[in-house]
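Take the given structure of chain Z and dock chain X to it, following the hints.
There are 2 protein chains.
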Amino acid sequence: MKVIKTVAEMQQYANEARLAGKKIGLVPTMGYLHEGHMSLVDKARFENSVVVVSIFVNPTQFAPNEDLAAYPKDFEADRKKCQEASVDVIFYPDEKEMYPNIHLTWVDVDVITKKLCGKTRPTHFRGVATVVAKLFNIIKPNKAYFGQKDYQQSLVIIKMVKDLNFDVKIVTCPIVREKDGLAMSSRNKYLSSDERKEAVVLYQSLERAKWIITEGEKRAATIKFEMKQMIQKTSGEIEYIEVLNAKNLDNLDIIKGKVLVALAVKFGKARLIDNIVIDTDMSETQSVSEYVKKHRGIFNEL
Amino acid sequence: MKVIKTVAEMQQYANEARLAGKKIGLVPTMGYLHEGHMSLVDKARFENSVVVVSIFVNPTQFAPNEDLAAYPKDFEADRKKCQEASVDVIFYPDEKEMYPNIHLTWVDVDVITKKLCGKTRPTHFRGVATVVAKLFNIIKPNKAYFGQKDYQQSLVIIKMVKDLNFDVKIVTCPIVREKDGLAMSSRNKYLSSDERKEAVVLYQSLERAKWIITEGEKRAATIKFEMKQMIQKTSGEIEYIEVLNAKNLDNLDIIKGKVLVALAVKFGKARLIDNIVIDTDMSETQSVSEYVKKHRGIFNEL
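Residue numbers (our numbering), protein chains in the order written: chain Z, 1 to 302; chain X, 1 to 302.
Same shape as in the complex, but just chain Z (with noise of 0.2 Å):
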């Protein structure tokens, strides 16, 4: 396995790379890896014949006031994991090798970037599509990787490529969970022991959400009434809870087709966000395995 840090020699190797014919799959990470990105490592060793894992915490996406100084390192563990998963490559530039000049070029996707986080990080996803054009050029990958867990960020990239003609195809992996449930995230190690006992609350109120819609709930306002009152009996504080139309985010009074159930929950200094995408159109005879495979395809779909 290499590690590579600069971008001239990423860019041979994936030129040589692409030469020699090789279909290069990148998983795009900020490091601390957890199962989550590792399932998305091994979809790609599956589906490729260079894996590329980049590591960069993007500063680019966080605001002033965000947690990019405390963001959880460890290179030593990313790499024994990135062996263990018969990477290719690491690609790990630091900061000064992304962003060596005053940076004046942003890529900006309109409409669905207004909506769940973007409504508290209004500056978030321009980073987030920045970086990963950025790196889309340096790795130049035939597919990309990304978890289910940042659903709204996989639309934005999945827009992104649709408009600017990316030659990518982007691949949406469904969100890893620990045994109670609970997302996993580098950010969950900065809950304390009795946040993180509370922290599946997020899960639980989205398992919620999706029993009442079985039995046949329709108004969003119900659901999201009934998550909160789930919530609010945790230390957890709501940034919020969205019931939306799952392919373009737009707001829902009634449910119908593919609905996203989305929340952000602050334990602590942990901002956690979870969601669940359901297909309401779905015969009630589908077994539960059926209904999954459905759901966790949706990407492939939009």
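Copies of the same chain look alike in the list, so a pair counts if it works inside one copy or between any two.
Quick list of in silico lysine-lysine cross-link-like pairs, DSBU-like style, CA-CA up to 30 Å:
no.	residue 1	residue 2
1	K162	K73
2	K23	K2
3	K266	K189
4	K96	K247
5	K5	K247
6	K258	K96
These are computed hints drawn from the structure, not numbers from a lab. This structure is a prediction, so every number in the text was calculated from the model and none was measured.
Relative to chain Z, chain X alone:
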């Protein structure tokens, strides 16, 4: 010579050419090709194994009050010129192919787009940067060729390429002029025969600026005043006359280093632009040809 009209076919062609180890040179145009464009094609032909000319009148770089509908077109003449210049591919998509869905993603270069043409055309360079990013992703050039007449555009593209790590070398080529000095432009077609005669004043005012700078004038205001005096003797309506730092478009009161003298003047329906780059650090004993060679090379140093 192939004429390719779809993104999918163009990407496949580019991928196959790249896989075969070929170097792709791109000349992006809005068609109605003149000798200025063809000088870019000749340069691209000399430096690459595959030459692609794109012809697309990009709607997103025109404001609603501008000349999108009137922009001159003659595909058959363009095709003939490309054929004679040994072009390999004309990429000739229609609007639906380039913008098939609601377009939400913009590539925005800050600061340098706010000056010169950006003042009266505030969304112009956003449209240019976005469509050039799309063309780079579709055609996958090793090198792309731009004319110095659109100096600010070249600067914007060079900055975008650096900031977003596009693996494309930008080559900027000197302005090609009519016998009397008028810079070649598809928009010269809009000029009546009287306006055509008067329009040479853009070039003449730039020559005057060069002369008084060579004679030792350092004050930007004086240079601009002399140019203005000349143009006001015609029916031309001045949009701007600027004397700026050629590298970053910073304002200058006293000129030094590489200086851009640029202007935009309207004659009837035709909004014409022209410019000259002067290296004021140049020794006075340099020959004119050395001087021209030097300041024409400025883009490669940016």
